[in-house]
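*Asks:* Here's the letter readout for the chains.
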Amino acid sequence: MPDPAWTYVLIFFVVALVVASLIAIVPGIFTKKRPTPEKLEPYECGVPPTSAMLGRFPVRFYLVAMLFVVFDVEAASFYPWAVRLRDLGGFGLLEMVAFIVVLGIGYAYVWKKGGFSWR
Amino acid sequence: MPQVPLNLYLELSAVLFIIGVIGFLLRRNPITMLMAIELMWNAGNLAFIAFARNFIDMSGQVFAFLVITVAAAEAAIALAIVVMVFRRRENADVDDISVMRG
Amino acid sequence: MTIQGVNFDFGILGPISVLVITGLVVLLVDLVGRAVPRVVLYGIGVAGCAGAFIALAPLYGRSATTVNGAFATDRFSWGFSAVLIFTLAVTLLLSSLRNADDGNSPASYAALLIFCTIGGLIMAGATTLIGIFLGIEELSLALYVLAGTGYPRPASEEAALKYVLLGSLASGFLIYGSALLYGSAGSVSLSALSAAASSLPLLFVIGFGLLLVGLAFKLALSPFHLWTPDVYEGSPIAITAYMTVAVKAATFAVLARFVYTVFGHDSVALVPLWLLAIFSMLVGSFGALRQRNLKRLLAYSSIAQAGFMVVALSGVGEYGLSSLLFYLVAYALMNLGAFAVIAMLGDGDEAYADIDAYRALFYRRPWVAVALTLFLFSLAGIPGTAGFYGKVLLLEQGFAGGPWGIALALALIAGSIVSIYVYFQVVWAMFVPQEGEQPVTAGNSWLTWVPVAVGVAGVVALGVIPQVFVSIVSSSM
Amino acid sequence: MADFFLGAVPLILLFPLVGAATIALFGPYVQRSASAFIGCLSIGLSFLLTVGTSFVIFPLSPAQQTLYTHSKFVGYWAHLPPDLIIGFRLLIDPLSLLWMLIITGVGLLIHVYSVSYMASDKNYRTFFAYMNLFVFTMLLLVMADNFLWLLVGWGGVGLASYLLIGFYYDRPVAVLAARKALIMNVIGDVGIMLAMFLMYAHVGSVSYQNVFGHVATIGTSALTWIGVWLLLGAVAKSAQLPLQTWLPDAMEGPTPVSALIHAATMVTAGVYLIARAHPIYDNAPAAAELVAVVGGVTALFAATIGCVQYDIKRVLAYSTMSQIGYMMLAVGAGAFAAGAFHFMTHAFFKALLFMSAGIVIHALGGEQDIRKMGGLATRLPFAYWTFLVGAVAIAGIFPFAGFFSKDAIIDAVLKLHHPYLFVFTVVAAGLTAFYMFRLVFLTFLTGAYRGDHEVHAETERTMTVPVAILAVLSLIGGWIVLPHHDELSFLLRSTFADAPFPQSMADFNGWLSFGVLLIALAGIAFAWVAYQWRPQIAAALHRSLGGVHALLTNAYYFDTIYHWLFEWPVLALAQWLRDAFEVDAVDALPALALRAGAYFGSLSNRWETGYLRRYGLTFVVGAALLLFIYLFVAHGATAGAAP
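Residue numbers (my numbering), protein chains in the order written: chain A, 1 to 119; chain B, 120 to 221; chain C, 222 to 698; chain D, 699 to 1341.
None of these hints come from the bench; they were simulated from the model. Any given hint might turn out to be false.
Stated by the list, open to error - Across the chosen pairs, the derived CB separations fall in these ranges:
1. C/Ala635 - A/Pro37: 40 to 48 Å
2. B/Asp214 - C/Thr286: 46 to 54 Å
3. C/Val653 - D/Val1284: 20 to 28 Å
4. D/Val1284 - C/Phe652: 21 to 29 Å
5. A/Val15 - B/Arg220: 55 to 63 Å
6. C/Phe231 - D/Tyr727: 52 to 60 Å
7. C/Val492 - A/Phe78: 41 to 49 Å
8. A/Ala75 - C/Leu252: 18 to 26 Å
Said to hold, decoys possible - Chain B residues, not near chain D, derived (Cβ > 12 Å throughout):
9. Leu127
10. Asn161
11. Ala199
As the list claims (entries may be wrong) - Capping the alpha-carbon separation at 20 Å, the derived lysine to any residue pairs in SDA-like fashion look like this:
12. A/Lys112 - C/Val648
13. A/Lys113 - B/Ala199
14. D/Lys1113 - D/Pro1200
15. D/Lys878 - D/Tyr867
16. A/Lys112 - C/Val257
17. A/Lys112 - C/Leu252
18. D/Lys1113 - D/Pro1198
19. A/Lys112 - C/Arg255
20. A/Lys112 - C/Arg259
21. A/Lys113 - C/Arg259
22. D/Lys1113 - D/Phe1199
23. D/Lys1113 - D/Ser1211
24. A/Lys112 - A/Ala65
25. D/Lys820 - D/Pro870
26. A/Lys113 - C/Val246
27. A/Lys113 - C/Asn325
28. A/Lys113 - C/Pro258
29. A/Lys113 - C/Val250
30. A/Lys113 - B/Val202
31. A/Lys32 - B/Val202
32. A/Lys112 - C/Val246
33. A/Lys113 - A/Ala65
34. A/Lys113 - A/Lys32
35. D/Lys820 - D/Ser731
36. A/Lys112 - C/Pro258
37. A/Lys113 - C/Ile693
38. D/Lys878 - D/Trp1266
39. A/Lys113 - B/Ala192
Even glycine gets a Cβ: it sits at the ideal position worked out from N, Cα and C.
Based on the sequences and whatever the hints tell you, model everything.
*Replies:* Listed below in structure tokens is the structure:
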């Protein structure tokens, strides 16, 4: 069972967490805060943001992307079933049908609500 | 085939997790923060897969698989919320949206 | 490696199956029908709750597993499931009020609430880390969205954003903790973990610590509670009511199962849990002192209440689970009752979130004021109410639970004393004589009288004849 | 029919409660007379059901006579595991039936009497609500099947008594008297609680069945303590030494209250308690002896005081105290049936005396001082004759009820070898006859009317009929026990089957009875001589025995002693605490606590900055701290296993 060397991994893990939080805390304690308008600007790669960050893409883009991600990844659930198709037999088929039905109802609902129309 | 020792996988996963935590703490952009969180989740996945390989047991892989699935849903939802919140704002700094405190 | 047949007992999965079908039916009705009134959709949901209850009833006192041992009905699941289904029904009732926030999409709102509850039911019955994770995520993902249904109210947006980001962070800890636990035992089933729990290898301890962080976030145990006041204040009232009770019920089912099946006795690895609980009781009780918003006040109070409930587990005593469940039932009744009153007065909106709106309420709406007083008394633990007996049971567990149990019990007493002041502020406001113009209260829907009446009856019954419920609860074990 | 009455037993208890609730809730909306009607009706129904139940129960064989109602509500302190289980069951056996008959029967008569007696009172409805409440709690006291519910009833009658003594709440004296009664009674409640704690500690239950079934296992010392604490309760409720001082003051309440609560029923609860708990006293002789001594001493003590009082109701109050002393003596000595017998006859004639006195007081517009009465026999003939019947009965003159019951007690005391207590009882019997007839002479005879109130005629049927019924009962009530034919102890035989002494009173000691009768007659004769024939004798005695007279008039200065012993030190301490602590410490402390609370509250709230990233940071720091703790925990737990 557990290799004793794992212990050090865990100790490292905890110490790293502590250090990480220290990194975030300590500056807040020791620095003097003299806020100026420039300092309060959000800092992204040295260039002050010129436009609204999300303004570059229409919201629709995000919506479709999100829906794609969801249905895409849920479809990945078919792979394990496909791999063990014969072993799982009729029961597996039934289960996947149920899965598809649930997914399909969600799909139909999104469709009806206009989630897929580009406007 | 030379076996990569379990320790290395675990160390990598721990490092990824810590990077994710630090990323979450230091970034102000909600989407970047989400990415940091994905890193943490996937650090967990890596540890699961490594253990599953070590034990020659499927359940770790199943867990990792489900984490991926859930992560997709979670990302979609989080993204939707972020879009909802920042649609009417100039920039996307999470500290700018505080109306409640105390 | 061969794949064995999967056994499937629809009796045990009955409540979940009923709710899944209910959720899908709600979506389909909205899909097929044109402009279906939301009362119809929520009515289907409430009917589904009744069906789930009927499916749950035969499982009373039963102990069995299904899905190859991955899902169980037993002493950890039954009572918690009942509380979850009850909470869902009450929430649907509160959501059907005229001004209630449901994001103008009642079907998806109702379906999300139902799926959310299914997540809770899975948590209550899951016996593997996978099941627990799936349940928690199903519960959380739905709640992230529901917290934001008050859109475009800025507070609701903020609540959703804070909840989703911090919740995902907590889930990250939970997943990593699960991975380490899996690594320590070589299996995801909780029963396999108990071997590791007896020798406490470092891997197990750190893994459990990370998992505990994730669960403590869900329970709003301090210092992982910071999201709670903001999210509870920002969410629509019905959702806040739901979160205070349902999330606690489901998470405590997981925590209790963990404590009892993995540890089974008081373990040194549980010390951080006791510390969190003590801290929560104090932070929650004191934090509520200066609140002027009733939702926020109840949020702080729920932080303290979560700490109180942990006292039941201290010492991992034989009757800890029964005590926990009794208190949870009492808490569900009184807290949902209080939220139902808030919702009723504003007819579903936030008009009555501010304590100042309750000034002289007794002279305008005497019965409502009396009901709210009863709920607040119960939350404060005044004798004759459900909360009092619940706290007595908790204290018994605490004082029987060794030094940590005694420390927890003392913190419970301290927290209760502080919270008496908290709740009495509201009661006081309701009974001071009227001065000047007072807002007119319009809301008086019969829909909210149902949960208020059930809450009053339950709080009084549990307070006056607690033994009946104690025996019901303890024989469900 | 039998099944009907046995099934209706809970209704006996329920009717007065429903009556009280109905009057309290709907009284203000209905006629005054309707409240009175509801009050009387509920008691009347209870009485009818009780009578029916008696006819079912008494003919049964002893083994069947103890009846428990089905226990639908099994209650216990919500404790896991459930260990103290207290059912709510009603116990019907001959002893409780006897008490129930008196409570509902005499209670009904007094309710009817009150209809016109209280007619002019502004709180007429309240009065009937309280009276019904009293009957309910008193029935609960005697029908309970365990000590807890007995205590509930015990406290309930205390409450009802408090409310009714202070019924004229605009009279400061009445309010003070009510408070005094409540305080004294609560001392007794504490006694019963202590007894219950001991029972629970030794038996694990407080039900009669369990406790009495296990007396053998408790041990004499603990049993004696249980007996002593129960006696404390009985002493407080029954106004025995040394907690007797509240009863005379309780006469501030309306006269029907004095008749029902402070003569016939509530004050005999102590006797009921001792009789009910007789298995405890049978096995704890020391405690039983104490009961007997308390009773005997009180019987004599109160009788001496009664000889010099001038308030007609106070005389009756002292006489009540004295007669209950007899009962306590009887049950303490082991003659339980005799005690119960005297309770029954006493309820008849003492209620009669109070109600006759009530007619007098009513006719004189509230006057109670017998120095301002006199010669009323011709003006109030009905009151005179009925009062005379009561006086004869209490004096123990053959063939009135008091003769039989008092004789049974004196006989039992002699038989059970309590020589000095026997002397007490005999002397007290003579004194009783003396002071009762002193009362008769001063009130109704002895010259002309001395008062300045106008004497109203006695008229109302509702007042005279109950009094007449009681007068008849005072005559024939004792005939239930005749030489060689003792019906009462036969009826009670199942309750006292295990008592160590034979309970039968059938065996009359003729010479003793005759002797006691002579002593009573002597007392009457002396009263006649001193107050009717040659009043100057009383005056002369008064002068020559001034010290003794003052002692008796002030009831042996018990109130004064208690004032200096308890009241004054407590009040002085309270005053000192108020001056020294209240302002600086007691008032300042909550303010300080409030400020501390607000400070901690602000700490907790300031944490809640509203900034999401700060929350995340706190979360991670918390997790890191928690894991750090775990590192130590695991290090401690697996120190041996670490490499």
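*Asks:* To test your reading of the hints: which numbers does this structure violate?
*Replies:* Numbers 5, 12, 31, 34 and 37 - these are the hints that the structure violates, sorted from lowest upward.
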